[in-house]
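Just need the whole structure built from these sequences, with the hints factored in.
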Amino acid sequence: MVSHGPFMAVLIILSLVLSVFHLPQPAPDWLGYWRPQWMLLALILWVQRIPAYRGGLFALLFTKSASDDGTTARRVLVVVWLLGFYLDTLLGDPFGLNGAICAAIAFYLLRFQERLQMQTLLQQMIMVFMMIFLAELLRAYVRNTVTGQPWSLQPLALAGSSMLFWPLYVLAAEKLLGGQRRA
Amino acid sequence: MTLLVLSGAAIWLDSNGRRVVQSGSVDQLEGAAKVLWQVRSVVLSLATPIYVIAEAPYTLYEFAADISTDRQSLLQQREQLSAKLLRLEEGQQRVLFLQAENARLRQLLGSKAQLPSQATIAEIIGVPPDPDRAAVILDKGQDDGVQPGHAVVDAQGLFGQVVDVSSSTSWVILITDRKHAIPARNNRTGVRMIVGGIGVSDRLVLEDLPASTDVQDGDLIETSGLGGRFPPGYPVGTVASVEATQDSPYLQASLTPTAALLKVGHVLVIAPAEVTQDIAGNLVSETVEALD
Chain B
201 MVSHGPFMAV LIILSLVLSV FHLPQPAPDW LGYWRPQWML LALILWVQRI PAYRGGLFAL
261 LFTKSASDDG TTARRVLVVV WLLGFYLDTL LGDPFGLNGA ICAAIAFYLL RFQERLQMQT
321 LLQQMIMVFM MIFLAELLRA YVRNTVTGQP WSLQPLALAG SSMLFWPLYV LAAEKLLGGQ
381 RRA
Chain R
408 MTLLVLSGAA IWLDSNGRRV VQSGSVDQLE GAAKVLWQVR SVVLSLATPI YVIAEAPYTL
468 YEFAADISTD RQSLLQQREQ LSAKLLRLEE GQQRVLFLQA ENARLRQLLG SKAQLPSQAT
528 IAEIIGVPPD PDRAAVILDK GQDDGVQPGH AVVDAQGLFG QVVDVSSSTS WVILITDRKH
588 AIPARNNRTG VRMIVGGIGV SDRLVLEDLP ASTDVQDGDL IETSGLGGRF PPGYPVGTVA
648 SVEATQDSPY LQASLTPTAA LLKVGHVLVI APAEVTQDIA GNLVSETVEA LD
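Residue numbers (the numbering used here), protein chains in the order written: chain B, 201 to 383; chain R, 408 to 699.
Accuracy of the hints is not assured; some may be wrong.
Simulated coverage check for chain B against chain R, where a stretch passes if three residues somewhere in it have a Cβ under 8 Å from a Cβ of chain R [unchecked claim]: (1) 295–302; (2) 349–363.
Interface residues of chain R toward chain B, partial, derived using beta-carbon atoms under 10 Å [said to hold, decoys possible]: (3) Leu413; (4) Gly415; (5) Ser448; (6) Leu451; (7) Ala454; (8) Arg540.
Partial pick of chain R residues on the chain B-facing surface, computed with a CB cut under 8 Å [as the list claims (entries may be wrong)]: (9) Leu453; (10) Ile457; (11) Ile460; (12) Val534; (13) Pro535; (14) Pro536; (15) Asp539; (16) Lys586; (17) Tyr657.
In short, the hints are calculated from the structure, not lab data. Please read all numbers here as calculations on a predicted model, not as lab measurements. Backbone N, C-alpha and C define an ideal beta-carbon position, used for all residues, glycine too.
So this is what it looks like as structure tokens:
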């Protein structure tokens, strides 16, 4: 079993690389629409599985405070919001867009953390689909408004493929970090 | 809620900043928009390593292909390049003569001469995976003199334009992107037109072209230089199809881009040329010297 902090750090870096990895050219354009939202999947897993606080400075980013009076939630929200700015430049999105998306998702997960931990894998997949679909709708709306990018079925395709990849994320996390899943 | 409000403010500032930069230059940004642009530029530099890692499999593949090339094919390649260089040098002599003649005629007419453009060679280090966006990332940025709005060309023709820069990298939107449009002219007839992208990598369209316009299959469309963003005379594409319908007062015409948009690894970033009258005399003497 590996420790939580390094696992999440590696997962996030890997997700960042996968987010900008492009298919060999010329690949059909429609294949690009089915690319899962690796970064949002990593974010959901990270926020869902924040364990009890232990360790040093590194653990501050990836763990929960011992006396949880809301500081953990605030800290996580600020961290994912700042991470969103990095994603903005990485993906060429308007500055602040991914910060809003990441902070909104993290807030929902933290607010209903205990209830979400009771969900089955299928329920989690549906939740992942809904969250990523709404996030991608917001992204498509802002891109359309700010840069004039036309609407497409991309939000639906991205949410669908991300949902299908979610069990793999959960299984990998279970294998490496220890189980949390319910039947 | 505070974070969402801050995000909304950042999006608004960034979109306004983009508009200002696209219609003018970075120097025209003021206050918070300028600070945000600088922050964005710094964060963009930090994003470069991720793109380099993501591009690594393709870079390694090309490296492996290079080192596995045998001596015989390298010699063949050298012969081909020598022959190509000879042809280009012959063409260059004619260009120099025409350049001098053009400068003299401009002097006689009292029109302004154009400074030769400053070009920077750049390598493509990343391709954003979003299928709705045609763009690439170059390894040259502000430190190398690259600015938003600079034109990008490859050996065959116009490639795109710079839209975002950090100190060491820049984002280039390709001419085939849906948002991209180029002031152009027909090389055969001189008729001005607008060439737009449609999000397809091997297709461009001529926008709002009246049905009476003289355009034929195979016509070369080149940049007109209007607007000052793209230098005049760079090939954009060749006309692939022209259709006139009775229902519409406009022609439906499409182009095949001349630039190798998907294959090229190196490009030239061109700073817009300044226009001046004093330079005409210098240009004539410099060109005559070069011809001698």
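Comparing the hints with the structure gives:
1. Only when three residues or more bring their CB closer than 8 Å to a CB of chain R does the claim for the segment 295–302 of chain B stand; here the count is 5, and the claim holds.
2. With 4 residues having a Cβ less than 8 Å from any Cβ of chain R, the segment 349–363 of chain B passes the three-residue criterion, so the hint holds.
3. The criterion of a C-beta within 10 Å of any C-beta in chain B is met by Leu413 (chain R), whose closest approach is roughly 7 Å, and the hint holds.
4. The beta carbon of Gly415 (chain R) is positioned within 10 Å of a beta carbon in chain B (closest approach about 7 Å), and the interface hint is therefore held.
5. Contact between Ser448 (chain R) and chain B, as hinted, is supported at the beta carbon level, the nearest pair being about 9 Å apart and thus within 10 Å.
6. The criterion of a C-beta within 10 Å of any C-beta in chain B is met by Leu451 (chain R), whose closest approach is roughly 5 Å, and the hint holds.
7. Annotation: Ala454 (chain R) was flagged as interfacial toward chain B, and the flag holds, the nearest CB pair being 5 Å apart, inside 10 Å.
8. Among the interface hints, the one on Arg540 (chain R) holds; its C-beta lies about 7 Å from the nearest C-beta in chain B, closer than the 10 Å criterion.
9. Hint on Leu453 (chain R) holds. Least Cβ distance to chain B is approximately 7 Å, under the 8 Å limit.
10. Taking 8 Å as the C-beta contact cut-off toward chain B, the hint placing Ile457 (chain R) at the interface holds, the least distance being around 5 Å.
11. Hint status for Ile460 (chain R) relative to chain B: holds, with the closest Cβ pair at about 5 Å, below 8 Å.
12. For Val534 (chain R), the shortest C-beta to C-beta distance to chain B is roughly 5 Å, which falls under 8 Å, so the interface hint holds.
13. Look at Pro535 (chain R): its Cβ gets to within about 6 Å of chain B, closer than 8 Å, so that hint holds up.
14. With a least beta-carbon distance of about 4 Å to chain B, the hint placing Pro536 (chain R) at the interface is held under the 8 Å criterion.
15. The restraint placing Asp539 (chain R) at the interface with chain B holds, with a minimum CB-CB distance near 6 Å, inside the 8 Å limit.
16. A cut of 8 Å between beta carbons decides the hint on Lys586 (chain R): the least distance to chain B is about 6 Å, and the hint holds.
17. Interface hint at Tyr657 (chain R): violated, since its Cβ lies 20 Å from the closest Cβ of chain B, which is beyond the 8 Å cut-off.
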